[in-house]
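Can you build the whole structure from these sequences, using the hints too?
Quick note on numbering: the sequence shown equals residues -13 to 184 in my numbering.
Everything hinted at is true.
Here are the in silico distance ranges between beta carbons for each label pair:
1. Ile16 to Ser132: 29 to 35 Å
2. Ile48 to Tyr138: 25 to 31 Å
3. Gly120 to Ile16: 32 to 38 Å
Straight line, CA to CA, 25 Å or less: simulated BS3-like cross-link-like pairs of lysine-lysine:
4. Lys29 to Lys164
5. Lys127 to Lys117
6. Lys13 to Lys99
7. Lys127 to Lys99
8. Lys112 to Lys70
9. Lys40 to Lys104
10. Lys104 to Lys168
11. Lys99 to Lys168
12. Lys117 to Lys67
I should point out that these hints are in silico values taken from the structure, not numbers from a laboratory. C-beta atoms are modelled at their ideal positions from N, C-alpha and C, and glycine is treated no differently.
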Amino acid sequence: AAAISVCMLIMLMWSDQKAYDLFHQNKDRIYRIVTSQIENSNKRATIPYPTIHKLENQVAEIEDAVTLRREFGGDGLYTNKDQKISFSEMRGYFTNSSFFNVFDFDLAEGDPKSALEKPNSIVITKSIADKLFGKESPIGKNIHFSDRGLNYWTEEASPPVDWGIFTVTGVFAENHQKSHLKFEVMASESSLDLLYKQ
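Right under this line is the structure:
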């Protein structure tokens, strides 16, 4: 009985692990680039930032490429026309417009082709939209964002740094599918150049 129970538990765990990211239409054509150190074989799901842009230009088999940088995490503030302030912690990634070409995360509001094109554009989840905007449509509304280095992997936070105003260009549809990507916000990758200059 114990052996059968352990076997069933292992099968359930294996089945759960294999259930992630099955909702992406092109799941059999999506690859993740990893790096390993020369000293050991530990693999990391990170690469130097310029690598993907070099590969896109040099490898004909790459149809599209997405970059994800997990440096977007802090506090969003919205002030409505009655001067009422709403607040929410937000965690996510900087990414490019190809995000919606490669992954099948649908938008309830906004245009996936242009939502992440302009600097200081963000796409938020419905739960963040509800916290900040209530019943108002978030599209075109401005959020004042202060970065604190928050992410899903550590509880550590740094002192707030004012990153200025971000405009909501999309709201993710509720997704009940399992995904290894955990986020509440996707910010446009083109925002990084402005932030570095600041």
